[in-house]
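S.K.: Next come the chains, spelled out residue by residue.
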Amino acid sequence: MKKLINGVESVEEQMILGLVKSAPDKLRKLDEGNVVVRAQKKEGKVALVSGGGSGHEPAHGGFVGEGMLDAAVAGAVFTSPTPDKIFAGIQAVATDKGVLCVVKNYTGDVMNFEMAIDMAKDEDIEADYVVVNDDVAVKDSLYTTGRRGVAGTVLVHKIAGAKAEQGASLPEVKAVAEKVIANVRTMGMAISPCTVPAAGKPGFELAEDEVEIGIGIHGEPGTTREKLSTADETAKKLLDKILADIDFKGQEVVVMVNGMGATPLMELYVINNFVQDYLKEQGVKVYDTMVGNYMTSIEMAGFSLTLLRLDDEMKALYDAKADTPALKR
Amino acid sequence: MKKLINGVESVEEQMILGLVKSAPDKLRKLDEGNVVVRAQKKEGKVALVSGGGSGHEPAHGGFVGEGMLDAAVAGAVFTSPTPDKIFAGIQAVATDKGVLCVVKNYTGDVMNFEMAIDMAKDEDIEADYVVVNDDVAVKDSLYTTGRRGVAGTVLVHKIAGAKAEQGASLPEVKAVAEKVIANVRTMGMAISPCTVPAAGKPGFELAEDEVEIGIGIHGEPGTTREKLSTADETAKKLLDKILADIDFKGQEVVVMVNGMGATPLMELYVINNFVQDYLKEQGVKVYDTMVGNYMTSIEMAGFSLTLLRLDDEMKALYDAKADTPALKR
Amino acid sequence: MLDTAKAAEIIRAIAARMEAEKDFLTQLDNEIGDGDHGINLARGFKSVLEKLPELEGGDIGGLLKGTGMQLVSNVGGASGPLYGTAFMKAGNALKGKTEATAAEFAVAMEAAIGGIKMRGKSEEGEKTMLDALCPAYKALSEAIDGGDELKDALTKAIEAAAKGVEYTKTIIATKGRASYLGERSIGHQDPGATSSLYMLQEMEKCL
Amino acid sequence: MLDTAKAAEIIRAIAARMEAEKDFLTQLDNEIGDGDHGINLARGFKSVLEKLPELEGGDIGGLLKGTGMQLVSNVGGASGPLYGTAFMKAGNALKGKTEATAAEFAVAMEAAIGGIKMRGKSEEGEKTMLDALCPAYKALSEAIDGGDELKDALTKAIEAAAKGVEYTKTIIATKGRASYLGERSIGHQDPGATSSLYMLQEMEKCL
Ligand SMILES: Nc1ncnc2c1ncn2[C@@H]1O[C@H](COP(=O)(O)OP(=O)(O)O)[C@@H](O)[C@H]1O
Ligand SMILES: Nc1ncnc2c1ncn2[C@@H]1O[C@H](COP(=O)(O)OP(=O)(O)O)[C@@H](O)[C@H]1O
Ligand SMILES: [Mg+2]
Ligand SMILES: [Mg+2]
Ligand SMILES: [Mg+2]
Ligand SMILES: [Mg+2]
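Protein chains in written order, with this note's numbering: chain A, 1 to 329; chain B, 1 to 329; chain C, 1 to 207; chain D, 1 to 207.
Treat the hints with care, since some could be wrong.
To be verified - Facing chain B, from chain D, some residues (calculated, C-beta under 10 Å): (1) 31; (2) 126; (3) 141; (4) 201.
Unchecked claim - In silico DSS-like cross-links for lysine-lysine, where the CA-CA straight-line distance does not exceed 30 Å: (5) D:22 x B:201; (6) B:2 x A:236; (7) B:227 x D:95; (8) D:121 x B:241; (9) A:121 x C:51; (10) C:156 x C:117; (11) B:139 x D:169; (12) B:121 x D:95; (13) A:2 x B:179.
Hints were generated in silico from the structure; no laboratory data involved.
Don't be surprised by glycine CBs; every beta carbon is placed ideally from N, CA and C.
Please model the entire structure based on the sequences and the hints provided.
M.R.: Structure follows, in structure tokens:
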């Protein structure tokens, strides 16, 4: 394992400290743990709290700030944070308008956030949550864990964050978050794995000509292993799966071409070149495009594609001001 | 070589197309070649033109837009663009206030830009240039090529770009660009190499415990090869070299913690955590911090640190509005 | 006979075992999960060890509940709330007791399993820790009903749990991260079922 | 005797050689530069080949100038302007000529080297292409002054250039990217000096 860190024990905390010190007038770390909150608590709005394992940088701490999150709770790498830490985050930012937690659909995240919300309710904090499950690589089914929450989560942060910033009520913010969740779909792939610092070796191994299709964001293998093909063919494969899931034809969409952490921007732009042409061909109208590292898996190389079907409300909220380390608008 | 591309021949053009298609209302590609210009030509200001080899994404095309560049000319990967392409860029954005080219100090870049400027002058375009040479890894000397231009170039774009946007004259914009160059210092290191697509294999090989200190941004080896140590020790080594070069004590600075392309943000934040503490200890006041991928070497893993010593003029220009794909303020 | 001191000894033995099997459990989780199960449990039980001196003076219920709370606050992921809830529920069942009979142990184990099912919204046959724990409980309670001592009953429980672990290799996961792999999860043994087996083995060894 | 057809043949031979040595030249550049020298020249001479049919109908000067302009517009990097300028200067020296004597060839080569020095602000001894070209020119002009045919003079020039390439291994680079390596550039042979040697070898072979 070759990493620029000071030890596997300290990496999460030093990372959170490093983030906060990059914008000390805007961000603060709680003493209770690896929880990033806005330096100035914003009253009179629903507080938006997100979080999950570390290793997805800039998610989630990088999205704390005006127009997006009020708090982000970071667990150990790829491990959901514990209820006490999530509760500390909720408590620090809670207002009388309530708290909405944005949870990615993983057994661990859901359980830990549920327990934290129970703790918050015990303290008379009005708290609710939504579960993001945008990953079409995984079959949705009532009898299983269902789809994972991946890069689409960032768009939930953006749009629900804007709604909250406008002073909407908890049910209103929750409703728009759920609307985003209902309309956002993602699929990803990897050409090289990542290494959890504490594990010391990669989550899987790939030959020089192999890729994993249908990966999540935790260094886990994907749904199939295939031969490396061109950027265009690879992007087409992911897009076709997304386009088959809900109807995007004739709709306006936000496109996110998300790098997994070690993917050079060069490749993301090559991919975007195809994505834009293909969507046009398919009759999908692109309202806006985001290309970059938004929801990563440490130093995994690969990418995910996300489409969000917009309506007028989501469009306006997507365009609203955001001022966070990782997303400014 | 494992890359998400469609062929080594097409990569530069498809990348530029992909960039432009990510912001079609703001960016445009010239038919003449891989030249990115603002979609709406801005008259009445000095046009700022930069460029160099591809492989440094988001530099340089990602910095085209309000408050920064008017045109960015991309050569083949790590290869200076040719004079005719640079000239096409100059011609497309030139105004009657003139054109300033920001050139990084490489023999190839300097020669090609000089030839292009000669061509521009033949067409009665007022054109001048500055040469950025911020890399303290390399000894500065009258008898050699001198120091390289690396990540500090982005701050030249930002500050000279703001000055130009305000309508300053060509000599004024050139003067502030040269002030930034005089006050900015950078040093970088790599823990893994990168592969020029057309070459098909990495520029150098490193053992599991080796790093290159004092690298440039073209996949070339550094000035020394060493054993991998901690993030803190590595950052200290680079900072000490920078701090020894000009006097930063008691000064206000911009800090840039720049990823080389494949470095996870996790590591950049761990590094920033140390950098901020160490600078405080050394009596250097941090005015603002940038952490991210600004000037990369394709998929190299590693980082560079940049310090810019500010005065009031540079501070105000640094804070001025910028709206580009890779830098918004 | 299980008393508080013995229970503390078991917790220590489990903690040592989790540390010893950290890499192996993590490797199993690498194959069908996210490669942290061993790391998570080792971290969690290490924090339990720090808390143990405070807990071992009281009743078994308090000891188990405290263990569960430490796990909830220090493991994270899926196994944190699940094992945490299991220990807390077992603690509730043994509240106030400084000694527990084999039958009382069985009741606590049943409560623990119930806690996992409730928290995880899961059942046997989904390729989780339940595939070790449910058959183990069945064997244990039958043995105790048939008059076995706790240690002998646990020996039978371990046999059943080991079979359960083998069984997880043959089925598709429908809960937890491994479910994302669909068919590809077949052929791999579930990390949580494996760590459950190890816990039962440590209990048996200590008795 | 060098005429336009022969000059075109030489350019074709050089183009083929650059393509053949692409990987090796790139490898040399990997060691002390940025690993693109062979790629750059192969790309550049490929574009020269496309232009050649237009050029070979005229005089040698036009052919060389056109070659230089193609190199300037298609190579990029340091070697593009340098070799481009070299061919353009050589072309200027042979302007209007459809045949060139050995002495005229020497004058053109001198002009080419002068162009490189001017454009590159460089001198012999800095570990660049000049370390092959300068000694080659010296040997060539001496041989021609001594009455040698062009082919024989080029044979001597190649010997001198080859020694120059060897010499680049022993010195520190002070120009071009290799200069960033300081001491570390010692022991490596300069890619540009090597490609210059290849060009001279192709000229000699064609005559
Ligand atoms: N819903 C569930 N019910 C019961 N056990 C589960 C459930 N989800 C996951 N598990 C168990 O948790 C184990 C994984 O734990 P761990 O790796 O620590 O957490 P995570 O999956 O969050 O990384 C699985 O091997 C499985 O046995
Ligand atoms: N100032 C200079 N004068 C003469 N030759 C030079 C100079 N700088 C570089 N060179 C030559 O150019 C070669 C490198 O060319 P190339 O790799 O194509 O360009 P770049 O260095 O821009 O990648 C060097 O090996 C050297 O021979
Ligand atoms: Mg986990
Ligand atoms: Mg080059
Ligand atoms: Mg796991
Ligand atoms: Mg080169």
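S.K.: Against this structure, judge whether each hint is valid.
M.R.: Cross-check of the supplied hints:
1. 31: 8 Å, holds
2. 126: At about 8 Å, which falls below the 10 Å cut-off, the nearest Cβ of chain B leaves the hint on residue 126 (chain D) intact, so it holds.
3. 141: Residue 141 (chain D) check fails; min Cβ-Cβ to chain B is 27 Å, beyond 10 Å.
4. 201: Status violated, d = 24 Å.
5. D:22 x B:201: 13 Å, holds
6. B:2 x A:236: 18 Å, holds
7. B:227 x D:95: 57 Å, violated
8. D:121 x B:241: Holds, because 29 Å separates the two Cα atoms, which is no more than 30 Å.
9. A:121 x C:51: Measuring from Cα to Cα gives roughly 27 Å; hence the hint holds.
10. C:156 x C:117: Given pair residue 156 (chain C), residue 117 (chain C) holds - Cα atoms ~23 Å apart, limit 30 Å.
11. B:139 x D:169: Distance of about 21 Å is within 30 Å: holds.
12. B:121 x D:95: 26 Å, holds
13. A:2 x B:179: Not OK: residue 2 (chain A) and residue 179 (chain B) at ~38 Å, beyond 30 Å, violated.
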